[in-house]
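A.B. asks: Heads up: the sequence lines are chains G and R, in that order. Residue numbering for the first sequence is 1 to 485, as defined by the numbering used here. Residue numbering for the second sequence is 1001 to 1485, as defined by the numbering used here.
Keep in mind the hints are simulated off the structure, nothing from the lab. Because the structure is a prediction, the values reported are computed rather than measured. Where a beta carbon is used, it is the ideal one built from N, C-alpha and C, also for glycine. Some hints could be false.
As the list claims (entries may be wrong) - Derived DSS-like pairs (lysine-lysine); straight-line CA-CA distance at most 30 Å:
#, chain 1, residue 1, chain 2, residue 2
1, G, K459, G, K400
2, R, K1181, R, K1308
3, G, K166, G, K42
4, R, K1286, G, K308
5, G, K418, R, K1308
6, G, K286, R, K1166
7, G, K308, R, K1166
8, G, K308, R, K1473
Said to hold, decoys possible - Covered by chain G, per the in silico footprint, the following chain R stretches (three or more residues, Cβ under 8 Å):
#, stretch
9, 1123-1135
10, 1192-1200
Claimed, not checked - For each label pair, taking beta carbons as the anchor points, the in silico distance ranges come out as:
#, chain 1, residue 1, chain 2, residue 2, range
11, G, R431, R, A1450, 13 to 23 Å
12, G, H245, R, G1206, 21 to 31 Å
13, G, T268, R, G1206, 45 to 55 Å
14, G, D280, R, G1374, 37 to 47 Å
15, R, D1269, G, R180, 19 to 29 Å
16, G, V94, R, S1444, 49 to 59 Å
17, G, K417, R, R1431, 43 to 53 Å
Given next are the chains, with one letter for each unit.
There are 2 protein chains.
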Amino acid sequence: MRAVMQAAIVGGGVIGGGWAARFLLNGWTVRVYDPDPESQRKINEVLDNARRSLPSLYDTSMPPEGELIFCETIKQAVEGAHFIQESVPERLSVKVDVFAEIQQHAPDTAVIASSTSGFKPSELSEGALRPEQILVCHPFNPVYLLPLVEIVPSSQTSEAIKQRSKELMTQIGMYPLMVRKEIDGHINDRLQEALWREALWLVNDGVATTEEIDDSVRFGCGLRWAQMGTFQTFWLAGGEGGMRHFLAQFGPSLKWPWTKLMDVPDLTDELIDTISDQCDDQANGKTPREMERIRDDNLVGMIRALKKNNWGAGETMNQHDQRMRSEPADLSQLVQTSHRQVPQSWTDYNGHMNETHYLEVFSVATDEFMQFIGAGPDYIASGLSYFTVETHIRHLDEVKAGEQIKVMTQVLDGAGKKLHLFHRLETEDGRVAATGEHMLIHVSLETRAACPPDESVGKTLRDIASAHVSLGKPDGSGRAIGVKG
Amino acid sequence: MRAVMQAAIVGGGVIGGGWAARFLLNGWTVRVYDPDPESQRKINEVLDNARRSLPSLYDTSMPPEGELIFCETIKQAVEGAHFIQESVPERLSVKVDVFAEIQQHAPDTAVIASSTSGFKPSELSEGALRPEQILVCHPFNPVYLLPLVEIVPSSQTSEAIKQRSKELMTQIGMYPLMVRKEIDGHINDRLQEALWREALWLVNDGVATTEEIDDSVRFGCGLRWAQMGTFQTFWLAGGEGGMRHFLAQFGPSLKWPWTKLMDVPDLTDELIDTISDQCDDQANGKTPREMERIRDDNLVGMIRALKKNNWGAGETMNQHDQRMRSEPADLSQLVQTSHRQVPQSWTDYNGHMNETHYLEVFSVATDEFMQFIGAGPDYIASGLSYFTVETHIRHLDEVKAGEQIKVMTQVLDGAGKKLHLFHRLETEDGRVAATGEHMLIHVSLETRAACPPDESVGKTLRDIASAHVSLGKPDGSGRAIGVKG
């Protein structure tokens, strides 16, 4: 148990709201200051989106949601805070004033960070009371899902604050990218801006519509960039010769007229109309709210796919799963082997969790149980494992997307090569929605044949099995389909 | 059955090989001409990658692989071809000569397309025998996975050839983007080039390493771009105000120094060394071959995630699944309800297909069976469906990634509200690797309670069930776990 951490969000809106959601869902107390009377509504909307998507990224339950407090003053928001995130409008004088007020009341050990895209930390901390406390933590929308945060210190930012911001960003599941030198637009916005300016030219010159440009990205390079970025993609294009070969081959094209970026198009009324109208058409009648949910479901799905390969954003999520994981105190009782939220993508045309994911949950629960008895990744790497030979699932009730579910596991037999498990899938309100009965056999991964577990695993398992006898034979175990048991 | 289609690949290498693989795996005969003595090896390497990944995108079996023929001359390659794809080195005079030779021997109804990034179709077809036959079909690496193909006609390209190229590209599972105006770099390479030039500046100026830049892309904007592109992403950032609001807010930043794209860095030896060395470090000892497989597995995983939401590249794959789907001729015999290749991502730490995906295969097979009996999407939309209440899986043998598997389905009971199915999961070499026994109950999606199916579905099901009685009670049905049956 660690002490409750406290974040102050100064400036709500989409970005501030995204920050609030990320801190809250990671168990922090969040105090928000925003003079906009609409800010409570806006933040709650962002929170709704975050609640349905962020926990879906993980295969572990997130900590209990923290407390959200709306404050009347900056003072109330920042007193006692460990992390203060400023997301007020992009005007330097406004930001400088806000920082001055924050520093009057904030602990001097707190990180004070700005979400700014437009200003460098040295500009923000000019004339500040304690410039060493200030840096930029630049997030990406949706802040509650995208792991990237660019941490940009000024030359005055202290080492302690840099380290602390990196640690705390990691603690809330983000991927902190420490930026070496401050520069306008930091790193990522510069790349986006370059692409954006070229895209504006293409529309301006009637070469393509906004939809055609978006399609060229999402059916092509976007899928590459989501996992490897631009350098690694081109490194691969260089084959055995790597980047050197690629640069020799494509270096000359730097002199070709492949972008119009020597110039920037004028945002005339006509161009604004063209772009805005085309973008509205693209949405095809969907509201921003609907599109946000589609975006979030896609992000969750793609990041979950990357988790499988422990790659890129997926690796970040796997690491956060490990941080949130806990071992059971007492294996002699029913063992909690899973606790998680049901992702949107797990539902099917019947509007409930698809049968496949019941087995996914049970399978992951079995893996977790194996870890508890000492048959985890190291054991498997040593060449021993369990294979499932038989599974019996009873669906007793429906489960919907967004529900919290857990699995309680009973050992029915653990003698010799056998591992006979009985999982109960329970909902938050205590319904048993399904049971999974599984027979596993211990095997050698070399011979692919059955063999006894090692002594330690065997003993642990026998001990649990004999303790679990006292829990009784579970209702519905040992049954065949279509036969009342 | 449609006639076998024939493609000619002129110029092998990574791009030509990718084209060859895509045509072959979609059942086309492919004739390759490339004077490079290494070309057979190179194309076979690309084919190996494609065979393990492209079929994994689909939930339907692809057609039997076509025949691959290496030719000694352009004449041999292009005679009788329906589609001719040129991927020779990026030198205009070479390309023009190749097109002249192709047109001497090719049918005048064939599409003659170039993979060029660097040249406009009008340049390629200048002085050609039949300029109306020539256009650009610009693909993206890996050609066998990424759906985007930019189709760029010249002013002389005929309507028939434009239409034909669009149809044929769709037939091999691609997403044809018809480009309205020819322009250097077409659409997507211009966007990539803009981002690339900015990225080179960041390395050149010591702001970030290649890895940091790639991280800023793959943990941030890349995940957005993979699904929505740049305009739709920013449209969303505009909230209720849409793009007009976004442009009003961020229009001014077009005048800010957020990119260095008024200029291009010199590719000095020093900059080349820096970039190449950093990229090699990023690979962390992995070979290009290993990285290709990681990339492909990530692409397959992300695109499969997008399939679930029927979005972007995922929608393209779903449409291709529909094109490849076939209905069974005779429901009175065992019904083939699935035929597919096992994706890499379906394997687990035991090096075989994870138990979860056995149920996924069975679940999809059940859906397919429901479609066969008239309880498909339209029926479900009308408010009626089947819910699984009980499942019994026996794992009899291991299945590895890349194996072709099929499911043969027997109806054990179809009376009243019951649907009692028995699936056999068979491998290509005839092993029964698993069986799945499933009890489903017909329900009203409104009341969520059991109810009889409609008359037509009920009758079809009873007919199949009574025909299937003659197939006998399957081995392993009606069994409980741990009990010999």
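A.B. asks: Does each hint hold? Answer for all of them.
C.D. replies: Results for each hint:
1. K459(G) with K400(G): violated, 39 Å
2. K1181(R) with K1308(R): Measuring from Cα to Cα gives roughly 34 Å; hence the hint is violated.
3. K166(G) with K42(G): It holds: about 28 Å lies between the C-alpha atoms, which stays within 30 Å.
4. K1286(R) with K308(G): holds, 19 Å
5. K418(G) with K1308(R): Not satisfied, since the Cα-Cα distance of roughly 37 Å exceeds 30 Å.
6. K286(G) with K1166(R): With a Cα-Cα distance of about 28 Å, the restraint between K286(G) and K1166(R) holds, given a limit of 30 Å.
7. K308(G) with K1166(R): Measuring from Cα to Cα gives roughly 35 Å; hence the hint is violated.
8. K308(G) with K1473(R): violated, 39 Å
9. 1123-1135: Since 0 is below three, the answer is violated.
10. 1192-1200: holds (count 9)
11. R431(G) with A1450(R): 13 to 23 Å: The hint (13 to 23 Å, Cβ to Cβ) holds, given that R431(G) and A1450(R) are roughly 19 Å apart.
12. H245(G) with G1206(R): 21 to 31 Å: Distance hint for H245(G), G1206(R) holds at roughly 24 Å.
13. T268(G) with G1206(R): 45 to 55 Å: Check failed, 37 Å falls outside 45 to 55 Å.
14. D280(G) with G1374(R): 37 to 47 Å: Between D280(G) and G1374(R), where Cβ atoms are some 40 Å apart, the hint holds.
15. D1269(R) with R180(G): 19 to 29 Å: At 23 Å between Cβs, range holds.
16. V94(G) with S1444(R): 49 to 59 Å: With Cβ atoms ~58 Å apart, the hint holds.
17. K417(G) with R1431(R): 43 to 53 Å: violated, 23 Å
Against the hints set out earlier in the document, violations occur for numbers 1, 2, 5, 7, 8, 9, 13 and 17.
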